[in-house]
Amino acid sequence: MRIALFVTCIGDAVTPEVGQATVAVLEQLGHEVVFPAEQTCCGQMHLNSGYRQEALSLARRFARVFGDFDTIVSPSSSCAGMVRELYPELAPELGFLRPRVFELSELLVNRLGVTDVGAAFAERVTYHPTCHSLRVTRVGDAPLRLLESVRGLELVPLPDAEECCGFGGTFSVKNAETSTAMAVDKCAAIVSTGASVCTAVDASCLLQIGGRLSREGRAVRTLHLAEILAS
Amino acid sequence: MTSFPEAAHEALANAQLRANLANATATIRDKRAKVVDELPDWEELREAGRAIKADVMAHLDEYLVRFEEAVTAAGGQVHWAQDAGEANRIVLEIARSHGVSELVKVKSLTTDEIGLNDALAAGGVHAVETDFAELILQLDGDWSSHILVPAIHRNRTEIRDLFRRTIADGSISDDPAELVEASRIYLREKFLGAQMGVSGANFGVVDTGTVCVVESEGNGRMCTTLPPVLVTILGIEKLVPTFRDLEVFLQLLPRSSTGERMNPYTSLWTGVTAGDGPQELHVVLLDAGRTRVLADEVGRQALHCIRCSACLNVCPVYSRTGGHAYGSVYPGPIGAILTPQLRGIENAASLPYASSLCGACYEVCPVKIDIPRVLLHLRAKAVEAVGEEREGRLMRTVARTFASARRFVLAERTGRVLQRPFVRGSRIVRLPAPLSGWTASRDLKPLAPQSFRDWWKDRGS
Numbered sequence: 001m002r003i004a005l006f007v008t009c010i011g012d013a014v015t016p017e018v019g020q021a022t023v024a025v026l027e028q029l030g031h032e033v034v035f036p037a038e039q040t041c042c043g044q045m046h047l048n049s050g051y052r053q054e055a056l057s058l059a060r061r062f063a064r065v066f067g068d069f070d071t072i073v074s075p076s077s078s079c080a081g082m083v084r085e086l087y088p089e090l091a092p093e094l095g096f097l098r099p100r101v102f103e104l105s106e107l108l109v110n111r112l113g114v115t116d117v118g119a120a121f122a123e124r125v126t127y128h129p130t131c132h133s134l135r136v137t138r139v140g141d142a143p144l145r146l147l148e149s150v151r152g153l154e155l156v157p158l159p160d161a162e163e164c165c166g167f168g169g170t171f172s173v174k175n176a177e178t179s180t181a182m183a184v185d186k187c188a189a190i191v192s193t194g195a196s197v198c199t200a201v202d203a204s205c206l207l208q209i210g211g212r213l214s215r216e217g218r219a220v221r222t223l224h225l226a227e228i229l230a231s
Numbered sequence: 001m002t003s004f005p006e007a008a009h010e011a012l013a014n015a016q017l018r019a020n021l022a023n024a025t026a027t028i029r030d031k032r033a034k035v036v037d038e039l040p041d042w043e044e045l046r047e048a049g050r051a052i053k054a055d056v057m058a059h060l061d062e063y064l065v066r067f068e069e070a071v072t073a074a075g076g077q078v079h080w081a082q083d084a085g086e087a088n089r090i091v092l093e094i095a096r097s098h099g100v101s102e103l104v105k106v107k108s109l110t111t112d113e114i115g116l117n118d119a120l121a122a123g124g125v126h127a128v129e130t131d132f133a134e135l136i137l138q139l140d141g142d143w144s145s146h147i148l149v150p151a152i153h154r155n156r157t158e159i160r161d162l163f164r165r166t167i168a169d170g171s172i173s174d175d176p177a178e179l180v181e182a183s184r185i186y187l188r189e190k191f192l193g194a195q196m197g198v199s200g201a202n203f204g205v206v207d208t209g210t211v212c213v214v215e216s217e218g219n220g221r222m223c224t225t226l227p228p229v230l231v232t233i234l235g236i237e238k239l240v241p242t243f244r245d246l247e248v249f250l251q252l253l254p255r256s257s258t259g260e261r262m263n264p265y266t267s268l269w270t271g272v273t274a275g276d277g278p279q280e281l282h283v284v285l286l287d288a289g290r291t292r293v294l295a296d297e298v299g300r301q302a303l304h305c306i307r308c309s310a311c312l313n314v315c316p317v318y319s320r321t322g323g324h325a326y327g328s329v330y331p332g333p334i335g336a337i338l339t340p341q342l343r344g345i346e347n348a349a350s351l352p353y354a355s356s357l358c359g360a361c362y363e364v365c366p367v368k369i370d371i372p373r374v375l376l377h378l379r380a381k382a383v384e385a386v387g388e389e390r391e392g393r394l395m396r397t398v399a400r401t402f403a404s405a406r407r408f409v410l411a412e413r414t415g416r417v418l419q420r421p422f423v424r425g426s427r428i429v430r431l432p433a434p435l436s437g438w439t440a441s442r443d444l445k446p447l448a449p450q451s452f453r454d455w456w457k458d459r460g461s
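Chains as they are written, first to last, in our numbering: chain A, 1 to 231; chain B, 1 to 461.
Among the hints, a few may not be true.
If you anchor each label on the Cβ, the simulated ranges turn out as follows [stated by the list, open to error]:
| hint | chain 1 | residue 1 | chain 2 | residue 2 | range |
| --- | --- | --- | --- | --- | --- |
| 1 | A | ASP68 | B | LYS457 | 16 to 22 Å |
| 2 | B | ARG400 | A | ARG100 | 23 to 29 Å |
| 3 | A | ARG138 | B | VAL65 | 38 to 44 Å |
| 4 | B | GLY218 | A | GLU123 | 54 to 60 Å |
| 5 | A | GLN28 | B | GLN450 | 47 to 53 Å |
| 6 | A | ARG100 | B | GLN450 | 50 to 56 Å |
| 7 | B | PRO40 | A | GLU123 | 38 to 44 Å |
| 8 | B | PRO432 | A | ARG100 | 39 to 45 Å |
| 9 | A | ALA161 | B | THR27 | 14 to 20 Å |
Think about it this way: if two alpha-carbon atoms lie no more than 20 Å apart in a straight line, the pair counts; the simulated SDA-like pairs of lysine to any residue are [claimed, not checked]:
| hint | chain 1 | residue 1 | chain 2 | residue 2 |
| --- | --- | --- | --- | --- |
| 10 | B | LYS34 | A | GLU162 |
| 11 | A | LYS174 | B | LYS34 |
| 12 | A | LYS174 | B | SER3 |
Just so you know, these hints were derived from the structure itself, not from any lab. The model shown is predicted, which means the values in this text are computed figures rather than measured ones. By construction, the Cβ of each residue, glycine as well, lies at the ideal position given by its N, Cα and C atoms.
Given these sequences and hints, build the entire structure.
Listed below in structure tokens is the structure:
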């Protein structure tokens, strides 16, 4: 299948390894990955901060850049959710993108019917289900099914898993102290599992979790699901 | 009002408060989840609740008039209050006309919203709060921090000390039974002597003119049955068309609020019945900003709220900051969308931002209020009304950068140069404002040496 990759703005600038892993996983399965070079950002930061007009321009731009592709994948449930669930609210004519956009794990499991991508990763891993993967993109148990099929991987449950890590985009800066209080509790839950790696399907949430773990001097690493699947 | 981040700062620093809140919200949250899971038709009930409320909002003008007719026909008197001041004056006048200097009150958010107690006190009438938690707060000059559990931020040791200072003697312990007994002795006298009762309302039934109050202690029923005069203040959004509609809400509300299958004390009264209960009933229909909320097509769903507080208990923000940070009797996610609309966005512009948009509130709301959607809507209104100049410039610049891949690439390159002095190894530990808020408590991953698109280009695909 020919799949267009929306790597996201953070994915391009801060976490290119996530996009690279996504490409590796999909190509390994025999798919053709295309990267439309004109892509930038889905506009979620603007929408979430109250800059609707700017968000709408970026949404229209996204539709121009990706409009010709039938299958679009993003290694971010939040950005995929923005395109799929919030674009139609911004402008109904953007609803045509809805059936075409997938977060990586749902593309693999629900669309391509793959749970075993042939990965091997011999570590103890805990999975943080990000809010938008639970409640906007609704990826369900797709990430867990992929992780369960990784050779050598020991999956340990995360206490209070469904509670927000406190990232929330500009919330992390506008309400930095509340955001941090949430991160502190999330990190304590992660550390309590004894896992060496915390994984998720959103690099943005992992920046928050990883940033706090690093500040606390914890040995736990954060890895995007794609990176584990590409191992 | 104090902005949310400033108000939250104090609460977050209070370890006792955070522990009280974390315990209490987790307990109610779990109880709710258990009893909601029992119902196979929960989603259908939610949808029914949403649909009934949407119908009420669409036809509120007709329903209000019909409700007034029904209350009047049953022997009650209806008053219309445009704002808090008018509602308070009506209640005070009724008290004065009966020579009442002290009255008893059912726990009521609406009367807290309009500041009834203070208004009455200024007019020489003392209002006694009879809900156990409201009594605690009144004795201590404190105010509610939770819709359902107003004193959620206090533990029993604090309450014991308060009672020793006020309504009990020095021998009282922090045993809940003893604390409740002390309040019971104090309140029984108030109930028996009261010449007037004041209540809010959970529901007003249009067809019959019936008023409904749900509570857990029975103290509310004392207020609505013992005094000869009863005044009910009813927000105009609290109507339901028919008696049968209560069937939906009396299932949704207790399970969502206290995690109970059935509400312990459900009081319903219709007008006046000779020889039974209050012989004079007044119903004050309160607007106080509600019609303005109704005019907003996206925001009006906030008026569907049945005050269950499920959204507070699941909210990761509320469960850490507590209710006072929201600066209103309506805290938590529902407060973040209701207060700015009732008071005007310019008076509470930081509240719609007091959320990580995690969506947990929407998931539990028994009438399916899409709180995240309304938050986004109100954020846009906040930017329009009182947007910060500097932030606006920054956001427009970023949008312009994202509008062209060439500019975006240039910005990435510039960023990589500018971040150099801040990078320590593989992380950034300190940045100037506005990103200093992040680095004060978290490290930041720097921009990668090579962007994804550069890697892709090099790869030659």
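Please name the hints from earlier in the document that this structure breaks, with their numbers sorted from lowest to highest. The structure breaks hints 5, 6, 11; every other hint is satisfied.
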